[in-house]
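**Q** Here are the chains, one letter per residue:
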Amino acid sequence: MEVIDAYSASEAIEILPIKAALEKYGWLEELSFSLIPSDKDKYVKEVADSPELLGYFIRIKAGEKVLLPIQTCYLINSNNFTQHTHNIIIAEENSEIHLISGCTSSAHALSGRHLGITEYFIKENAVVTSTMIHSWGKEVEVYPRSAAHVGKNGKFVSSYIALSSVKRLQMDPLAIIEEGGLGEFYSVIYAHEGSYFDVGSTALLNGNNASSQIVSRVVSNGGDVVTRGKIIGQKPGGRGSMACNGLLLSEKGFIHAIPELLGNDPALELSHEASVGMISKEELAYLMASGIDEERARSLIIEGFLDLHIPSLPDYLQRQINAIIKQTKLSDTL
Amino acid sequence: METHILDIAGLHVSVADKEIIKGIDLTIKKGEVHLLFGPNGSGKSTLLSAIMQLPGYTVTAGNIRIDGTDTKSLTTDAVANLGVGISFQHPPKIPGITLKRFLQAINRSTDLAQEVIELDLEAFIERDINVGFSGGELKRAEILKLYAQNPDLILIDEPESGVDIENIAVISKAINKILRINTLNKKSALIITHTGHILNAIEGDVGHIFIDGKIVYTGDPATIMESIKKRGYKESVVFLQAEKEREWDEKHWIQGLWKRLKTLPLVRQATNQPPF
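Chains as they are written, first to last, in my numbering: chain A, 1 to 334; chain B, 335 to 610.
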């Protein structure tokens, strides 16, 4: 396995295969596995011990703002293959970068494992948005491990979208947010029968006035979903809010929402809301009373439920995400 | 061709096993506008919900026909597609679906740009349905929905509730416009009104007083409203009924005279049957 292509059209951004980056920059060794310890769990360990080091290094230079998204992609194209990746993203002071990654397996590769590690280093006043869209096969197991260090007044926005089947997916990305920084996590999950998701996000408000928002929208159409959120506040002025909403379409499957708030300073404002339920009969009847048939009405409500407004994302990226959600033929599975 | 858009016969409706509608007969001819007056909790909204076959409203006896079709086994969307539109008193909020998307889902072919302006809803078209809408905005959005649907029979539940005078004028004008979109083929309507303000702009053909699940009086809507303002609902029924009998007597004095003569023993003996 090899990195097929690495190229950046802009001088503001440096993109290298991780192996080449580690050879080029001696200091990178120190950052590597600093946010995610190499012995964190068996999956991280497996990646750390992997003889084949795959992944990318992206660095946006200080003061540079690149609004067009940097697109990355991983593909599993053979059965029973385990993919090990390690990515490092560095956003230098006052820079801005938008990443969109699509991970998928090709039609003939239904089984396999994806073990991916991503470490983000967001320096002072820098902005990083990372949008991940997963589309795996029914027998694929996925264990992404990611963590971000958000420097003073920096901003990290992580959006995760998974609308197709997967055998088992477990992740709990972490953001360590320093003074005045912001970390936002959004996740949109549609769990088909036979899929198991355990998706969480953890925000550690490590500096004064750090803030975080965690929003998750989960639809289970027979799949099992554990949706976690954890905000840990430990410095004055920290603010955090969380909304975990789940919609159940079938008698099979479950949604287990576990929102957690942990505060140890009196000058913190942390809150959460969570809900799990079925489609509102009142909303359905309202739409049907204008002549829309039940199936279409249900799809409109589900699409609407999954349609996240992410104020921190550039408009075009928000539109792209919403288009993906709409294009996914949710109605086929209703 | 059917001359009645709505035919309700012997209708009883229950909600959660409690009978709310207790025997109603109501016929609306094509092109007619009927108004329903009645105190809160009398079952007026239940009647509209039953016509729409909304879930939770069980017809326990009688039937409802829309343009000749019995709606008994139809779903709500099928009733709507027979040409029935409803403006709800309390429409739900639906986060995630914009008003624009909703209108497109109802009808992709009609351009409603003009109606959006007339109803002063330009700023709301990209917003989620009814989320954060004021009373007037809710009603205006409901009317806009009716434009998209273009039904033959329009059911409107309290268009004036929670709405200021200025909005009532806009809403009444819009309802009037829908009713007259096609002058040759006027639409029919059943409108629940509390204040009767709507009568300033809309010409109603028939009015009904609705008390405790029954229609207890039917007559001219303007006269009914005037009486309700003076006497309230129950007193109006007694008064209007007496008025009706008096008017009947005046118009038909021969029959009235005969009625009285019939009570005399001699006349009773002379005739076994009344001549009229």
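It should be emphasised that the hints constitute simulated quantities derived from the structure, not laboratory data.
Check each hint, because a few of them may be wrong.
Going by beta-carbon spacing under 7 angstroms, a handful of chain A positions derived as facing chain B [stated by the list, open to error]:
no.	residue
1	E92
2	E283
3	G304
4	F305
5	A323
6	I325
Computed cross-link-like contacts, EDC-like style, restricted to lysine to aspartate or glutamate with a CA-CA straight-line distance of at most 20 angstroms [claimed, not checked]:
no.	chain 1	residue 1	chain 2	residue 2
7	B	K406	B	E353
8	B	K434	A	D307
9	A	K235	A	E260
10	B	K406	A	D293
11	B	K427	B	D404
12	A	K326	B	D462
Ideal Cβ placement from N, Cα and C applies to all residues, glycine included.
**Q** Would you mind marking each hint as holding or not holding in the structure?
**A** The hints, checked one at a time:
1. At a threshold of 7 angstroms, the smallest CB-CB gap from A:E92 to chain B is about 37 angstroms, leaving the interface hint violated.
2. A hinted interface residue such as A:E283 counts as satisfied when its beta carbon comes closer than 7 angstroms to some beta carbon of chain B; here the least separation is about 5 angstroms, so the hint holds.
3. Here the hint on A:G304 is kept, as its CB sits about 2 angstroms from the closest CB of chain B, short of 7 angstroms.
4. Because the smallest distance between the Cβ of A:F305 and any Cβ of chain B comes to about 5 angstroms, under 7 angstroms, the interface hint for this residue holds.
5. Of the supplied interface hints, the one on A:A323 is violated, with its beta-carbon coming no nearer than about 13 angstroms to a beta-carbon of chain B, more than 7 angstroms.
6. Taken as an interface hint, A:I325 does not check out: its beta carbon lies about 10 angstroms from the nearest beta carbon of chain B, beyond 7 angstroms.
7. Straight-line distance between C-alpha atoms of B:K406 and B:E353 comes to about 18 angstroms, which keeps the hinted pair within the 20 angstroms bound.
8. A hinted pair counts as satisfied when its Cα atoms are at most 20 angstroms apart, and B:K434 with A:D307 qualifies at roughly 15 angstroms.
9. About 17 angstroms separates the Cα atoms of A:K235 and A:E260, which keeps this hinted pair within 20 angstroms; it holds.
10. Between B:K406 and A:D293, the direct Cα distance comes to roughly 17 angstroms. Compliance with the 20 angstroms bound is thereby established for this hinted pair.
11. Only pairs whose Cα atoms come within 20 angstroms are accepted, and B:K427 paired with B:D404 is rejected, the gap being roughly 31 angstroms.
12. Pair hint A:K326 plus B:D462 holds up; C-alpha atoms about 16 angstroms apart against a cutoff of 20 angstroms.
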